[in-house]
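Join the two chains, each given in its own frame, into one complex according to the hints.
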Amino acid sequence: MAFGKPHRRPPDEDQRVLPLINVVFLLLIFFMVAGQLTKTDPVKILPPESFSEKDPGESQVHILMTADGDILINGENVAPTDLTPLLVNLIQNREKKTVHLKADGNTDATKVLALLEKIKAAGADTVKLLTSEKIPP
Amino acid sequence: MRRRAIISLTPLIDVVFILLVFFMLATSFMESRVLDLDIKKSGGAGSMTGAMLVELRKDSLRLSGHLLSEDALLNKLGARFNEMPDQKVLIKPEAGVPLQRAVDLIDHIAAKGGQDVSFVSGTGNR
Numbered sequence: 000m001a002f003g004k005p006h007r008r009p010p011d012e013d014q015r016v017l018p019l020i021n022v023v024f025l026l027l028i029f030f031m032v033a034g035q036l037t038k039t040d041p042v043k044i045l046p047p048e049s050f051s052e053k054d055p056g057e058s059q060v061h062i063l064m065t066a067d068g069d070i071l072i073n074g075e076n077v078a079p080t081d082l083t084p085l086l087v088n089l090i091q092n093r094e095k096k097t098v099h100l101k102a103d104g105n106t107d108a109t110k111v112l113a114l115l116e117k118i119k120a121a122g123a124d125t126v127k128l129l130t131s132e133k134i135p136p
Numbered sequence: 000m001r002r003r004a005i006i007s008l009t010p011l012i013d014v015v016f017i018l019l020v021f022f023m024l025a026t027s028f029m030e031s032r033v034l035d036l037d038i039k040k041s042g043g044a045g046s047m048t049g050a051m052l053v054e055l056r057k058d059s060l061r062l063s064g065h066l067l068s069e070d071a072l073l074n075k076l077g078a079r080f081n082e083m084p085d086q087k088v089l090i091k092p093e094a095g096v097p098l099q100r101a102v103d104l105i106d107h108i109a110a111k112g113g114q115d116v117s118f119v120s121g122t123g124n125r
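Chains as they are written, first to last, in numbering that gives the first Met the number 0: chain A, 0 to 136; chain B, 0 to 125.
Chain B on its own, in the form it takes in the complex (with noise of 0.2 Å):
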């Protein structure tokens, strides 16, 4: 057997034990995905015209001013892209509605194969 080197492991393990905990605290194994964002102005009437409103209430949903639960909401909608899928849709927030009720109405209506979703901002309520 041969004489062993003069440089023992031990400042080698050190320093992998360094670069491992740096790597472990460093890296983030969660992905981030994108969803992009359109919104309209709620006064320019050129691009409201044929839009299905969606407004969004802290605990309630109305689909063009009709009280609706979301199944029926959005099995109107999916109706209505079955026969015009290029339908666009427009998602108007009441203030204090979490962005993350906003983004699951979006996922559910892109379910039911809306193409063209946008939010409407102004804060009239009716």
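For reference, chain A alone in the conformation it holds in the complex (with noise of 0.2 Å):
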């Protein structure tokens, strides 16, 4: 390659696109390696904020509750009578009976207690809060 030269005939299209490739290639090594795909919740919940630093780990049963109290399980709309025998079914069968729990941070907290108190009535042992990290002042 002969940077510097003059080019006798103006480089082709090729060659005038190469540094933007280089440069997109770059961004795209960026985001594969330092992003993670995570599967976007069907509705918008803002977690509270947490000085906890515990890793959330492997879950099959997670438990969404909106700022307005309503809740899905495993990403559906689930009506309150229906949640007791559904929890059940879907806990007992397990063999590590963890839960996530993804509540809004404007949730009323006695909504997500009661909650809680029903996850717990149906097997679970552990169930998770999922907070979002919140810097050390």
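Think of the hints as simulated: they come from the structure by calculation, not from any bench. Watch out, some of these pointers could steer you wrong.
[Claimed, not checked] Below, a list of computed lysine to any residue pairs in the SDA-like style, where the Cα atoms sit at most 20 Å apart:
id : chain 1 : residue 1 : chain 2 : residue 2
1  : A       : Lys117    : B       : Ala94
2  : A       : Lys53     : B       : Ala110
3  : A       : Lys119    : B       : Ser117
4  : A       : Lys95     : A       : Lys119
5  : A       : Lys43     : B       : Pro97
6  : A       : Lys110    : B       : Lys57
7  : A       : Lys117    : B       : Ile38
8  : A       : Lys53     : B       : Ile38
9  : A       : Lys110    : B       : Glu93
10 : A       : Lys119    : B       : Asp37
11 : A       : Lys43     : A       : Leu71
12 : B       : Lys39     : A       : Asp124
13 : A       : Lys133    : B       : Ser27
14 : A       : Lys38     : B       : Phe22
15 : A       : Lys38     : B       : Val20
16 : A       : Lys38     : B       : Met29
17 : B       : Lys57     : B       : His107
18 : A       : Lys38     : B       : Leu18
[As the list claims (entries may be wrong)] Per the computed footprint, the stretches of chain B lying under chain A, defined by three or more beta-carbons under 8 Å from a beta-carbon of chain A, are:
id : region
19 : 7–21
20 : 93–105
[As the list claims (entries may be wrong)] Over 12 Å on every C-beta distance to chain A, these chain B residues come out as not near it, computed from the model:
id : residue
21 : Lys75
22 : Arg79
23 : Phe80
24 : Met83
25 : Pro84
Glycine residues also receive a C-beta, built at the ideal position from the N, C-alpha and C atoms.
Written out as structure tokens, the structure is:
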């Protein structure tokens, strides 16, 4: 490659886009490596912030609670009356009875507790409340 | 200089751009953390004995029935944890208190050294 030398004819299309491709490739690799692919929630939930540094770990049962108190289990809306049988059904057959609960920070705490009681009553060993990281002051 | 290949770079760029946009939209950089939640039934006497009850109300905090400011309450709990590191603390939120406040309180108690913090259900308000 003769950098610096004046080109006798204008560089063809491919050579003009090479730096662009370099940058785009770098960006692509950055996003592939640094980010993590996660399933997006069907509803908007802003989990409470906490200083807790525990890793979420694995769980097969994901329960979402919106700020209004609506409950979704594994992505599907659940009526309050169907809640207990569905929870029992989901939890009883699992080997690891861990449940991830993602509730909005603005949800009424008593509603979350009522749900927590039902989850525990359905046989869950541990219920983990998902939080987002809070930077210590 | 060798002859350019027949395949031009433009389709490659197209594909790479699409991949880039996909990864930009699909990846999340927000890492979640968890807080273990535990709940005690307000009726069950056995687990409640010796625990300190913090009532979390909309505009105030009560420790075992006494109205306290948040700092005073945390200091009191901190002093207690120095004597008894495994002191149980129960948090009883009032209806209408957002979850974020309850989580903040747990954080603050944990920062003071609380190891056994759990919630109590029950709507009984005095």
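Now for the hints, and whether the structure bears them out:
Between the alpha carbons of Lys117/A and Ala94/B the distance comes to roughly 17 Å, so the proposed pair stays at or under 20 Å and holds. Restraint check: the Cα-Cα separation between Lys53/A and Ala110/B comes to about 15 Å, which is no more than 20 Å; the hinted pair holds. With a CA separation close to 13 Å, the supplied pair Lys119/A and Ser117/B stays within the 20 Å bound. About 14 Å separates the Cα atoms of Lys95/A and Lys119/A, which keeps this hinted pair within 20 Å; it holds.
The straight-line distance between the Cα atoms of Lys43/A and Pro97/B is roughly 17 Å, inside the 20 Å bound, and the hint therefore holds. Restraint check: the Cα-Cα separation between Lys110/A and Lys57/B comes to about 15 Å, which is no more than 20 Å; the hinted pair holds. In summary, the hint linking Lys117/A to Ile38/B is supported, as the alpha carbons are separated by about 10 Å, within the 20 Å threshold. Restraint check for Lys53/A and Ile38/B: satisfied, since their Cα atoms lie roughly 19 Å apart, inside the 20 Å limit.
For the hint linking Lys110/A to Glu93/B, the alpha-carbon distance of about 10 Å falls within 20 Å, and the restraint holds. The suggested pairing of Lys119/A with Asp37/B holds, with an alpha-carbon distance near 9 Å, which does not exceed 20 Å. For the hint pairing Lys43/A with Leu71/A, the CA-to-CA distance comes to about 12 Å; that is within 20 Å, so the pair holds. Distance check on the hinted pair: Lys39/B and Asp124/A sit about 13 Å apart at the alpha-carbon level, within 20 Å; holds.
Straight-line distance between C-alpha atoms of Lys133/A and Ser27/B comes to about 17 Å, which keeps the hinted pair within the 20 Å bound. A distance of roughly 13 Å separates the Cα atoms of Lys38/A and Phe22/B; the hinted pair therefore holds under the 20 Å criterion. At roughly 17 Å between alpha-carbon atoms, Lys38/A and Val20/B fall within 20 Å of each other, so this suggested pair holds. About 12 Å separates the Cα atoms of Lys38/A and Met29/B, which keeps this hinted pair within 20 Å; it holds.
Taken as a hint, the Lys57/B and His107/B pair is honoured in the structure, with Cα atoms around 17 Å apart against an allowance of 20 Å. A hinted pair counts as satisfied when its Cα atoms are at most 20 Å apart, and Lys38/A with Leu18/B qualifies at roughly 18 Å. With a cut-off of 8 Å between beta carbons, the region 7–21 of chain B has 9 residues touching chain A; three or more are needed, and the interface restraint holds. Residue count for the region 93–105 of chain B with a Cβ under 8 Å from a Cβ of chain A: 12. That meets the three needed, and the coverage hint holds.
Consistency note on Lys75/B: stated as away from chain A, and its beta-carbon is indeed over 12 Å from all of that chain's, at 21 Å minimum. Chain A leaves Arg79/B outside its interface by the beta-carbon criterion, the shortest separation being 21 Å against a cut-off of 12 Å. Chain A leaves Phe80/B outside its interface by the beta-carbon criterion, the shortest separation being 17 Å against a cut-off of 12 Å. Annotated as non-interface, Met83/B keeps its C-beta farther than 12 Å from every C-beta of chain A; the closest such distance is 23 Å.
Non-interface status of Pro84/B relative to chain A is upheld: no Cβ of that chain comes within 12 Å, the nearest being about 19 Å off.
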